[in-house]
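There are 2 protein chains.
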Amino acid sequence: MHVRNTKSKSLILETLKNSKQAVSHEKIQAELGESVDRATIYRVLNRFCEEGIAHRITGDDGKQYFAACLKCQGKEHRHNHLHFRCLNCGKVECLPNEIELKLPAGYRPANFNGFISGHCPACA
Amino acid sequence: MHVRNTKSKSLILETLKNSKQAVSHEKIQAELGESVDRATIYRVLNRFCEEGIAHRITGDDGKQYFAACLKCQGKEHRHNHLHFRCLNCGKVECLPNEIELKLPAGYRPANFNGFISGHCPACA
DNA sequence: ATATTATTGCGATTATATCGCATTAATAAA
DNA sequence: TTTATTAATGCGATATAATCGCAATAATAT
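Protein sequences appear in the order of chains E and C.
Position in the first sequence (first residue = 1) + 1201 = this note's numbering.
Position in the second sequence (first residue = 1) + 1201 = this note's numbering.
I should point out that these hints are in silico values taken from the structure, not numbers from a laboratory.
Some clues are possibly wrong.
The list makes no distinction among identical chains, and a pair is therefore deemed to hold if it is satisfied within one copy or across any two copies.
DSSO-like mimics (lysine-lysine), calculated; alpha carbons at most 27 Å apart, straight line [claimed, not checked]:
1) Lys1303 / Lys1210
2) Lys1210 / Lys1221
3) Lys1228 / Lys1264
4) Lys1218 / Lys1208
5) Lys1208 / Lys1303
6) Lys1292 / Lys1221
7) Lys1218 / Lys1292
8) Lys1292 / Lys1264
9) Lys1210 / Lys1292
10) Lys1221 / Lys1208
Only a predicted model underlies this, so the values are computations on that prediction, with no experimental measurement involved.
With the hints as constraints, model all of the structure from the sequences given.
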């Protein structure tokens, strides 16, 4: 199964990389207009996550947000940090703080998904 | 606006209280069968959250989970703890650890929503 | 230039949750 | 207890996020 480079793919990757924030499908669609189909955007994003070049985080609004992996190289594909979602302007940012996951014995963690929602400095 | 005590309401509250875990609409519906309508379950849960007798948490699967408030009395209506969702059996538990929310200056937090997903001891 | 097939676009579909509105039933008042 | 008031419910329609099936398109190997 040879992977192919397509226009949609590069457009979406560029959008992810240009954004300092985590973006939803909606944002990407708005950015790209109707040039790329909705289903394609979702499929490309899902592939990016599988390939490990993007993160998927589920917002406390129940929507999916995506961000290009910057720090995580190769094996260490973790992002144990919190995200902040502004209730007013809707932007989702990665917060600097790492969270240490302390779990009771016997639990096997796979993913961390943390959100603080509230008001960002611009909207407060 | 006088609040009324109804059968649905007490059934749902009892379900919440009996469950040691956070439950989704689906779980509650399964528990109660068709005796209570879907919309009613959602509406009652939403009211519970407004009244401060239940917590709403959004799972990293994008679904809403609800839990009866136990510790939080009156003013201190916080639940800055993580939740664990088992990828196998689907159960959602509250973890003991409190998380301290350190935010950069200017950010005004309103809610915390944290999930670790993975495998619980029974499923690991 | 051609063949192969990964990827796309489109429409239909699933899943979660909410809404409008007529009906029901919990509570207050008579 | 009976009646009136209206909060709450049930039902069907609707909103929104995301996925799926399948024919058409286009990226790459030959």
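Results of checking the hints against the structure:
Within a single copy, Lys1303 and Lys1210 get their C-alpha atoms no closer than 37 Å, and across copies no closer than 36 Å, so neither meets the 27 Å cut-off. Taking CA atoms no more than 27 Å apart as the test, Lys1210 paired with Lys1221 passes inside one copy only; the shortest distance there is 19 Å, against 44 Å between copies. Taking CA atoms no more than 27 Å apart as the test, Lys1228 paired with Lys1264 passes in both settings, with 12 Å inside one copy and 21 Å between copies. Taking the shortest Cα distances, Lys1218 and Lys1208 sit within 27 Å of each other inside one copy (15 Å), while across copies they are farther apart (53 Å).
In this homomeric assembly, Lys1208 and Lys1303 never come within 27 Å of each other (Cα to Cα): the closest approach is 43 Å inside a single copy and 40 Å across copies. For the identical chains of this complex, Lys1292 and Lys1221 are intra-copy neighbours only, at 10 Å inside a copy versus 34 Å across copies, given an alpha-carbon limit of 27 Å. Taking identical chains as interchangeable, the C-alpha atoms of Lys1218 and Lys1292 lie at most 27 Å apart only when both belong to the same chain, with a minimum of 15 Å there against 35 Å between chains. For a Cα distance limit of 27 Å, the shortest separation of Lys1292 from Lys1264 qualifies both inside one copy, at 12 Å, and across copies, at 20 Å.
In the homo-oligomer, the alpha carbons of Lys1210 and Lys1292 lie at most 27 Å apart inside one protomer (23 Å), although the nearest pairing across protomers, at 36 Å, exceeds that limit. In the homo-oligomer, the alpha carbons of Lys1221 and Lys1208 lie at most 27 Å apart inside one protomer (22 Å), although the nearest pairing across protomers, at 49 Å, exceeds that limit.
Hint violations for this structure: numbers 1 and 5, all remaining hints satisfied.
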